[in-house]
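From these two lone chains plus the hints, build me the complex, please.
Chains as they are written, first to last, in my numbering: chain A, 5 to 417; chain B, 177 to 797.
Since the hints were derived computationally from the structure, they do not count as laboratory data.
Backbone N, C-alpha and C fix where the C-beta goes; we use that ideal spot for every residue, glycine too.
Careful, some of the hints might be misleading.
[To be verified] Calculated from the model, a selection of chain A residues having no Cβ within reach of chain B, i.e. all distances over 10 Å: (1) Ile-87; (2) Gly-172; (3) Glu-370.
[As the list claims (entries may be wrong)] Restraint ranges, calculated between C-beta atoms of paired labels, are given here: (4) B:Phe-204 - A:Gly-231: 53 to 59 Å; (5) A:Glu-166 - B:Asn-238: 19 to 25 Å; (6) B:Arg-184 - A:Lys-211: 54 to 60 Å; (7) A:Glu-414 - B:Lys-290: 45 to 51 Å; (8) B:Lys-290 - A:Gly-231: 31 to 37 Å; (9) B:Lys-290 - A:Lys-199: 56 to 62 Å; (10) B:Ile-199 - A:Lys-211: 51 to 57 Å; (11) A:Met-302 - B:Glu-299: 52 to 58 Å; (12) A:Lys-211 - B:Asn-334: 22 to 28 Å; (13) A:Lys-382 - B:Asn-238: 25 to 31 Å; (14) A:Asn-273 - B:Phe-204: 58 to 64 Å; (15) B:Asn-334 - A:Lys-199: 50 to 56 Å; (16) B:Asn-326 - A:Met-302: 55 to 61 Å; (17) B:Asn-326 - A:Glu-414: 45 to 51 Å.
So the chains spell out like this:
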Amino acid sequence: MSGAILKFFLVVCLFLIPSFVFAEKQNDTIVLGMSAAFTGPTRGLGIELYRGAMAYFEHVNRNGGIYGRKITIKAYDDGYNPIPAIKNTIKLIEEDKVFTLFNYVGTPTVARILPILKSYSNRNIYLFFPFTGALPHRKPPYDEYVFNLRASYEQETSGLVENFIKIGRKKIGIFYQADAYGRSGWDGVRKTLAKYGSKIVAEATYKRGAKYSESFKKQVEILKNAGVDAVISVGAYAACAGFIRDARDAGWDIPIANVSFAGSEFLINLLLEEEAKTGKKYTHNLIHSQVVPSYEDMSLEAVREYRTLMDIYNPMPPSDLIEADYKPLKYSFVSFEGFLNAKVIVEVLKRLGKKPERKNIKKIVESIKNLDIGIDEKISFSPYNHQALNKVYYTTYKNGKFVPIKDWNEWRK
Amino acid sequence: MRMSKLFRKTLLGIIFLFAIIFITISVFSGWHIYKNLVEEYKSKGTAIASSIASSSAETILNLDSATVQAMIDQFLEIEGVSYVFVVDSTGEIVSHTFVPTIPEKIKEIAQVHKTGIKDVSIENFGDFLDVVSPITEGAIGYVHVGMNKNIINKKMWNVLAKQLTLLFLIFIFSVLLAYFMVNRISQPLNQLTEYAKKLLAHDFEAKVDIKSEDEIGLLANTMKSMANNINEVFTRYEFALKDAVVELQDTLAYLTTIIDNMADGLIVVDKDGIINHVNLAASEMFGKAESEMIGKSIEILGKELDKLVKKSLQTEEVVSTEINLVNERVGKAVAKSIKKEYFSEESEARGILGSVILIRDITQEKEIDRLKTEFITVVSHELRTPLTSILGFIELINKKFTENILPRLDLSDTKLAKVVNKINKDFKIILSEGERITLLINDVLDISKLESGTVTWNLQEISIKEVITDAYKALSFLFEQKGIPCYLDIQPSLPMVNADKERLIQVVINLLSNALKFTEKGYVKCQARLNEDEILVSVEDTGIGIPEKEKEKIFEKFKQVGDLIKGKPKGTGLGLAISKQIIEAHGGKIWVESELGKGSIFYFTIPLTRKEDLNENTDSR
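Only chain B is shown next, with the shape it has when bound in the complex (with noise of 0.2 Å):
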C-alpha cells in the first residue's frame, strides 16, 4: 500500500518527537534515580552504621568480635550493602564481612578516622559508599558500611530499561494512531488528487467519491461544483468556436470569391517585401502563374512596383504609380500598408504588416488622354493659325475706317453717328474677343504642352523675392486701377531655389491676377517663407471666397468659381490647371484655404532641394 506523504511527514514528525523525549525523559530519569538512590544509599548507609554503632559499644568493649559479627552480618543481608566493617580506637579491624580478605585499600580507610560518607574504589571489588560512624563517638572506634555503588548504576538501567520499553511501547501505539488518523485524512485527499487530475486532463466526467462533512468534504463538492461550471462554460465556448469557424469560413469565401474575380489585380505583400497573395487578375496582368509569384520578392515584378512597396511599407498613405504591364500595357498601381491597430514602439515596422497593391490596367485611358491633348493641340494650332489672320485683318479694317472713312462721314447725321458709333463697338468687341481666344489657345497649348511633358524647364538659381516682385510689377496698374492695396510680405534673407523663373512668375502672376478678379474691396496679400526644408508661398484676399465642394474641382481644366452660365467668365479656367502641373513639376504642392464670404488663400511650395522628379516625371511621360 502507498504511503502517503502527509503520513510520511507525521511520521518523521512524531519520530523525531519520541526521540527528543526518549532522550530527556531517558536523561533526567536517569540522573533524577542515580540521584535519589545514591541518596537513599547514603541514608540507609548511615542509618545501618549508626545502628550498628550505637549497639555495638558494649560488646567492643567486651573484646567480643563474634557478637559484632553477628550483628554486622545481619545488616549485610541488607540489599544494597557490600561490606560493614568495624574499627576499634586502636585502628584494627576487629570484624568485617570481606572475603577472600580485607583489601589494601580498606586497610588505609580504616585508619583515617572520620565520620562522614565518601566514595571508594577498589580494584577487582567494585565502587562503593563508605559510609562511617563513629562509635560512642569514637572513642571505642568507628563502623564503616559501603553501599554498592555498581548496584545504583544497575539499578537505574533497569529501572531505565523499563521506562524506555514503556516509551517504545508507547511510541508504537502513537505510530498506529497515527497512521490511522493520517490515513483518515489522507485517503480522501488522494482520492482529491487523483479528481484534480482527471479535471486537468480535461475528463469532466470523473467521479470523486467523498462524502464526509468535514473541509475536505467541502472541498470535494466545491471541485465537483467547479468541474461542472468548467464543463460548461468549455461546452458553450466549444459551441461559439463553431459558429466563430463558420462565418470566417463564409467571409473568407466571399472575400475569396470577390478578391480573386476583381477586373483589378491585388497582390499583397508582407512586411520584407515578400508576396503572399496575389489574385488571378493580377497574375494575368504580370502573366506571370500565382505559383510563380507567391513567396517572392516584389522584385520580380519590376523596379517600379518594388520602389511603390518599399515606399508604402514606410508610410500610412496611399501611394501609387504607373508601371509597365506585359503586352504593352499601362497599370496604375496603388499601394497601402497594412497597420496593426496596437503595436510596440520599439518595433522596428511601427506596426506595418505589410502592404496591399491594388493594379489597374489604364492603358486605355491613357490613349484617351493622349488623343484627348494631341486633338486640342492640333485643334488650337489649326484655330490659331486663321485667328491671328482674322485679327490682322480686324485691325487693319479698322485702321482704314478710321483713316480713310471716318473723315469722310458727316458725324453731324446723327443717323450716320450712332452706326459710326455702333462700328466702333463692334471692332473693340472683334479686337476684345479676338485677344481672349488667342489667349484661351495659348492657354490650351500651354497645359496640352505640360500635360504631354514636352515642356522644356529652363531651370536655375532663383530668388522667389525677384519672381514676386516681378509678378507684382506686371499687375500693378491693374490694382491701382481697381483701387486694391496689395501687400507683399517676404521673409528676408530666403535661400536661392533651383526653379524655372518664368514659369514661377507666371504662377503668382495668375494667383495675384485670381485675386484681383475676385475681390471688390479690402486687400491681397502676398506672403513668402522658409517653411522646413521649402518655400512656402501664400496669396491670400478678402474676396467672395471659395465653397469647400469647389475647393478640388478649381484645380481642374476649365474651372472656374462661379455660375458659369450667368456670370461672364473672366479669364480662360486653365489657370489654376497650368499653376498647377508647374508647381507639381517642380516637386511643390498647391492648395487653397478658404471661407465663403471672407476670402481665400492659396499657397504652393518649392522645395529646397531639387528631387528628381522633375526630370523622371519628364522622362516618364
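Isolated chain A, as found in the complex (with noise of 0.2 Å):
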C-alpha cells in the first residue's frame, strides 16, 4: 500500500516538476480531477477527451491562466470499471485535493460515484461534464453535485427513435451495454416508444468490455430474427463495431444507430481497418448521434478555435497513464467536447474569481445565463437545470467525413 503511494507521490511529483518550475507556490494552480479510461476498449474516450480540454488549458494557461493560476488535469485511469473510479474519486479528493472533478468517462463509472459526491457535500465537491448521458447524475438525489453540458442519451435516442418513425421504421430493436449506460439509452427509446404506443422489438446484451475481436453474432441472430426495421446502439465503441461487422457480415443491410458515446472516429476507423482487410463495406447505413456541434463545421468559433488550438498542442495524457500503441486522433467529436467542457470550466474558474472556493461554485456556475462559447447554442445553468446543452446532431459517415444528415428518406422503408 505504502509502496503505491510512494509511486504515486512520485508520479505526481514528476507531473508536478514543470508547475513548479513556471509557478512558485502549489496554489498558484488549479487541480483538476479526472478518472477516465485510458486503457482498454474504451480508452480513446479517455485519451481524446483530455486531449481536447487540454488543448484549451494550454491555451490558457499560456495566456496568463486565471488570475496567474494554471489549470491542470490531475488523471487516473479506471478502464471503465467502476471499482477504480471509486477508488480513484477517493484518491482525488483525500490526496490531490483537487478543486472540482472533471471530464469523467461513462455511466456506470459515474453512477457509482455519485454517493461519493453526496457524502463530500459539506467539501462542495462537484462533477463537472462527464462524458455521458445517462440519467441517474441528472435527477434526484444526485443531479445537485453534477453539472452536465451535453445533452442526455434520453435526448439521443428520444430523437432517433422520432426519426426512424418518421421513415416508417417502427420496429426498433436495441443492442446495448449490460450496464447503466446501455440501461440509460434503452431507457431513453422505450419511454419514447411508449408515447407512441409501441414496445422495444428485440434486445441483446453485451458485457460491458468486450472487444472488437469477439464474436457478436448471437446479438445480431437475436435482433434479426426478431425481423427489426432498425437497431439502436447503446454502446462502446469496440463493442458497436464489433456489432455492425457481425451484421454486416450476416447479410443484414440496416440502419444501425450509434449514440455520442461512441466515439464515432473510433468505430468508423475499426470498421474501415476491416473493411481494408476483407473489402467488404462496414461504414454504410450508419447514423451517429452526437452531442456536440460537427467539428468539421468551420462556420463556428469555437470550431476553429479548436483546430488551432489543437494543432498547436495536441497534447498528450501522462505516458505512464497511457498504453505507447495508441495513435491519437487529429480531431474528434470526444476531444471537441474536451475541449467545450474546458471553455465552459474556464469560464466557471474565472467566474470564481481571484481566489476561487468551492462553496462558491454552485451559486457561481447556476447564475450563468446565455453564455456564447463559439456554437450554435447557449449555454445556460439554473439551480433546477444543471444541464446546459439539449440539441442532439445527426451525423453519417460518408466520403471520409462525417456529415451531418439532412434527410433521413435515405433510410426510408
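What follows is the structure in C-alpha cells.
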C-alpha cells in the first residue's frame, strides 16, 4: 500500500515539476481531477477527452492562466470500471485535494461515484461535465452535485426513435451494454416508443469491456430473427463496431444508429480497418448521434479555435497513463467535447474570482445564463437545470467524413 | 525385499479402512458443503435481493432504470451471483444483467409475483437459485437474484478434491508408518520362523539374534532354551539307544549261539505256518539246508508237523507229537504258540504271532522202551508157565496132604499138631503168594500189551450205568466184609458211549477197590455225570488221601501210595497205570483230586463223540 502511495507520489512530483518551474507556489495551480478510461477497449474516449480539454487549458495557461493560476488535470485510469473509478475519486479528493472533478467518462463509473459526491457535499465537491448522457446524475438525489454540458442519452435516443418512426422504421431493436449506460439508452428508447404506443421489439446485450475481436453473432441473430427495422446501439465503440461487422457479415443491411458515447471516429476507424482487410463494406447505413456540433463546421468560432489549438498543442496524457500503441486522432467529436468542457469550466473558474472557493461553485455555475462559447447554442444553468446543452446532432459517415443528416428518407422503409 | 504377510494384511486393512473413511468423509462433507453452500447462497441471494428491493423503490418510481441498473450491476460483482433483474408492477423487466438477451424462461419467471426461493434451470445458461424479494410488498415490483448452483457444485468438488488430497497424503503417511511398525514386529518374527524351521530340521546349532525385551524377545529366549533342552534330550537318548542296541546285539548273539548249537531242533513259524527260523540241529534232522526251509510252509516237513503247528496256532497250550525224521529216526516235536501279551479283540489270531517247535531225537528212547516192553512180556510169559505148574503141584500136594496124610496123623500129639498146623499155614501162604504173582504177571502183560498197542478193543455202544453197577457187583462182598458203604449216584438217562465195556469195568473196579483199600471208615461214592460232550465219572473215598507230590506219580507203573518198604504192598501197583492207558485210549482223561487225611476223588472222562485217536493211536504205535 505504502509502495503504491510512494509511487503515486513520485508520479505526482514528476508531473508537477513543470508547475514548480513556472509557478512558485502550489496554490498557483488549479487542479482538476479526472478519472477515465485511458486503457482498455474504451481508452480512446478518455484520452481524446483529456486531449481536447488540455488543448484549451494549455492555451489559457500560456496566456496568463486564471488570475495567474494555471489549470492542470490530475488524471487516473479506471479502465471504464466502477471500482477503480470509486478508488480514484476518493484519492483525488483526499490525497490530491483537487479543486473539482472534471471530465469523467462513462455511465457505470459515474453512476457509482455519485454517493461519494453526496457524502462530500459539506466540502462542495462537484463533478463537471461527465462524458455520459445517463439519467442518474441528471435526476435527484444526485443532480445537485453534477453539472452537465451535453444532452442526455434519453434525448439522443428519443430523437433517433422519432426519426426512425418518421421514415417508417417502427420495429426498433436495441443493442446495448449490460450496465447503467446501456440501460439509460434502453430506457430512452423505451420511453419514446411508449409515447407512440409501441415497445422495443427485441433487445440484445453485451458485457462491458467486450473487445472488437469478440463475436457478436448471437446478438445479431437475436435482433435479426426478431425482424427489426432499425437498431439503436448503445455501447462502447469496440462492441458497436463488432456488432456492425457481424450484422453486415450476416448480410443484414438495416440502419444502425450509435449514440455519442460510441465515439464515432474510433468506431469508423475499426470498420475501415476491417474493410481494408476483407474488402467488404461496413461503414454504410450507419447513423451517429452527437451532442456537440460537427468539428467540420468551420462556420462555428469554437470549431476554428479548437482546430487551431489542437494543431498547436496536440497534448497527450502522461505517458505512464496510456499504452504506447495508442494513435491519437487529429480531431474528433470526443476531443471537441473535451475542448468545450474546458471552455465552460475556465469561464466558471474565472467567475470564481482571484480566490476561488468551492462553496461558491454552485451559486456561480447556476448563475451562468446565455453564455456564448462559439457554438450554435448558448450555455445556461439554473438551480433546477444542471444541463447546459440539449441539442442532438445526427451524422452519417460519407466519403471519409461525418456529415450531418439532412434527409432521413435515405433510410425510409 | 520380501514383504511380510503381516504387513500385507495390515496394508489391506489400512486400505480398507481408508476406503471406508474416504467414502464416508467424502459423502458426508460433500453433502454438508453442498447444503451449507446452498444455505449460504440462499441467504446471500436473499440479502442481496432485499437490499436491492429496499433501495430501489424510489428510483423505480422515478422511472430511472439506469440507476437501478447501476445498483444491480454492483451486486453482480458479488461472487455466486449470476444474474439480477428487477420487474416493475406491470411485470416488465426494467433492469437486468443478461447477455446477450433475456432467456425466455426468465420472462416466464418475471410474470410470477411470488416471494421466495426456487430452483431454475435455464438451457445453455445453467442452474440457479432464483431468489425473489418484493419491492414495497410488491406494489412497485420484484427483485430477482439468480445464484449460480453450478458454482456450488464446483466449490464443493474443489473442497472435496482438497480434502481427498489431504486424506490421501495421510493415507500414504499411514501406510509408511504401518510399514515401519509392522517391519519392526515382523522382522524378528521372520527370524524366529527361520529359526523354528532350522530346529525342525534338527539344526540345534542354529542361532537367532533377537535382543528385544518385548514378547518376541521372550519368545526367542524360550525357543532358544527349548532348543537346548531338546538337544540335551536327543543326545541322552542317542546314547541310551546305542547302549540298548549293543545290549540287544549281545543278547542276540547269545541267543543265536544257543539256538544254533542246541542238540534239539528248533523251528519257528509265523501265524501262517511259514518257517522263518531253523537251527542247525533241525536242518540236520530233516536233511534239508536252512535255505531250503526258510520262507516255505511247514507242510514240506511232513503232515504230522503241519498238523501240530496248526493245532498250536489255535491254542496257547503246549502240544506235542511224534514225527518221523530222516534216516528212519523218530523225533518228538513240541510246539508252543508265540503270543503277544496285548492284542486287539478283533484280531483273528488273538495275539498269536506264530509257533516255536522244538524237536528231539527220541529214536534211542523208543528203542529202549520197546526193548523193555518186549523183555517184560517175554519174562512174564516165561514166568507164568512154570508158575502155573508150581501152583498146580502145590494144590496137588496140599490135596494129597489133606486127604491122605492128615487123617493118618495123631493130632493129639501137640508137637505134631503144631507141625501140621504150620504146614497148612505155609500151604496157604504159598498159594496166595502164587496167586499174587500170577496177578502181577497178568497185569504186567496187560500193560505191556497196552503200551505196545497190541490190544484189540471191543468197541460197542454201552451204558456207563451198567459198567458201574457191574463193577460194584464184583466188589460188593468186599465192601460188606469191610463194612464200608458204597453209594452209587448215576445221572439218569446218560447217553450211550462207544467203548470197550470190559475194559471200562476194569477201570471202575480198580478205582473202587483202591478206594476201599485205603478207606478204614466213612464211605465210598461213585458218581457219573454228563459234562458237556463227555461223561464224567468220579470215585470218592474218605481214606488217607494222597500227598501233593505223589499225585502225578501214582499213574506211573509200579507206584503205590505209602511207604513201600514199611507197608506191605496190597496189589500190583499197575492198576492206575493200566486205567490211564485204557482211558486215554478212549480219548478221555484221568486225574485225581485229594486232600491228605480226608480222602481222594478220582475222575475220568469218556467223550461222547469218539475221536479217531483210538484207532490212529493204535495205528501209529
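Inset, instruction - If any of the earlier hints don't hold here, list their numbers in rising order. - result: 1, 9 and 10
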